[in-house]
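Chemist: Using the sequences and the hints given, assemble the complete structure.
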Amino acid sequence: MANHANADATADTTARTASSDELARLQARVRELASELTRTQEATRRHVAQELHDSLGAELTAARFALAGVETWLPADAPPQCTTALATAQRSLDAVTEAAQQAVGDLHSPTLDKGIVCALSHWTNSFAARTGLRMSFVCAADARLTRLSADASLAVFRVAQEALNNVAKHARASGADMRIETTAQHLSIVVSDDGVGIPAHAGQDERQFGLAGMRARCNAFDGELRVAASAGQARGTTVNARFEWKALLGNAPRARRTAIRL
Numbered sequence: 072m073a074n075h076a077n078a079d080a081t082a083d084t085t086a087r088t089a090s091s092d093e094l095a096r097l098q099a100r101v102r103e104l105a106s107e108l109t110r111t112q113e114a115t116r117r118h119v120a121q122e123l124h125d126s127l128g129a130e131l132t133a134a135r136f137a138l139a140g141v142e143t144w145l146p147a148d149a150p151p152q153c154t155t156a157l158a159t160a161q162r163s164l165d166a167v168t169e170a171a172q173q174a175v176g177d178l179h180s181p182t183l184d185k186g187i188v189c190a191l192s193h194w195t196n197s198f199a200a201r202t203g204l205r206m207s208f209v210c211a212a213d214a215r216l217t218r219l220s221a222d223a224s225l226a227v228f229r230v231a232q233e234a235l236n237n238v239a240k241h242a243r244a245s246g247a248d249m250r251i252e253t254t255a256q257h258l259s260i261v262v263s264d265d266g267v268g269i270p271a272h273a274g275q276d277e278r279q280f281g282l283a284g285m286r287a288r289c290n291a292f293d294g295e296l297r298v299a300a301s302a303g304q305a306r307g308t309t310v311n312a313r314f315e316w317k318a319l320l321g322n323a324p325r326a327r328r329t330a331i332r333l
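Following the working numbering, the numbering of the sequence shown begins with 72 at its first residue and continues without gaps.
None of these hints come from the bench; they were simulated from the model. Careful: at least some of the hints might be erroneous.
Restraint-style ranges between C-beta atoms, simulated for each label pair [as the list claims (entries may be wrong)]: (1) A300 <-> T202: 19 to 25 Å; (2) S245 <-> A170: 30 to 36 Å; (3) A129 <-> T154: 47 to 53 Å; (4) E315 <-> V209: 19 to 25 Å; (5) L127 <-> A300: 17 to 23 Å; (6) A171 <-> A255: 39 to 45 Å; (7) V119 <-> G321: 29 to 35 Å; (8) E130 <-> S207: 37 to 43 Å; (9) H193 <-> A166: 19 to 25 Å; (10) C189 <-> P150: 49 to 55 Å.
For glycine and all other residues, C-beta sits at the position ideal for the given N, C-alpha and C.
Modeler: Next up, the structure:
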């Protein structure tokens, strides 16, 4: 009987070990696929940015010269409607040019040589100036942020960037707040707005709101993405993107927390 019990216990242990190994293998594979997806996305961004700069930029420049020529060729007694239409076309062209330049800027990889906090601070200031939204950025983090690799910093930046772009495109908000928070185990990017809230169908088509890409970037660093109505508010959405420090830094020692307000 004892031998049978020992054999059963050994079999159970072996099965649990095999299951644990298989789970670890699958988790590692998920991280690999998520990392591959984010690398593909960055390559696509660079390609699209270059195409926009080269082709659309050239066409916009040609259109600008053409409009300038039309203005020169207009006779002095041209109907005022012609002048008005020309001015309207020029304003539209200026708006398209500015939007294209902003799109190219967003698609290019950010400058991260001064750290993720500096990059996000600069980008949120630019975002507020461009959109007219009230914007705050608070970093309650620690020195581990200064040790993020380029890939980790880029993942955090892109998630924050997409969350704020969603606010501008979909939320119809008057303001947004971004926070960087840390615990012993996790780094979190939290973006809240006072807009109309996330639509009920958003979870059915994550591509429309860029959620799939954001989730993949979180998964690449053993994290998760949560999107929900802002707690305690009648309006608004809160996006919480969480990354695991172990995945971001490996097994680097923990650092003392500090607080930074920007």
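Chemist: Each hint needs a verdict: does it hold in this structure or not?
Modeler: Quick rundown of the hints versus the structure:
{"no.": "1", "hint": "A300 <-> T202: 19 to 25 Å", "verdict": "22 Å, holds"}
{"no.": "2", "hint": "S245 <-> A170: 30 to 36 Å", "verdict": "22 Å, violated"}
{"no.": "3", "hint": "A129 <-> T154: 47 to 53 Å", "verdict": "27 Å, violated"}
{"no.": "4", "hint": "E315 <-> V209: 19 to 25 Å", "verdict": "22 Å, holds"}
{"no.": "5", "hint": "L127 <-> A300: 17 to 23 Å", "verdict": "38 Å, violated"}
{"no.": "6", "hint": "A171 <-> A255: 39 to 45 Å", "verdict": "44 Å, holds"}
{"no.": "7", "hint": "V119 <-> G321: 29 to 35 Å", "verdict": "32 Å, holds"}
{"no.": "8", "hint": "E130 <-> S207: 37 to 43 Å", "verdict": "38 Å, holds"}
{"no.": "9", "hint": "H193 <-> A166: 19 to 25 Å", "verdict": "24 Å, holds"}
{"no.": "10", "hint": "C189 <-> P150: 49 to 55 Å", "verdict": "53 Å, holds"}
Taken one by one, the earlier hints fail for this structure at numbers 2, 3, 5, listed in ascending order.
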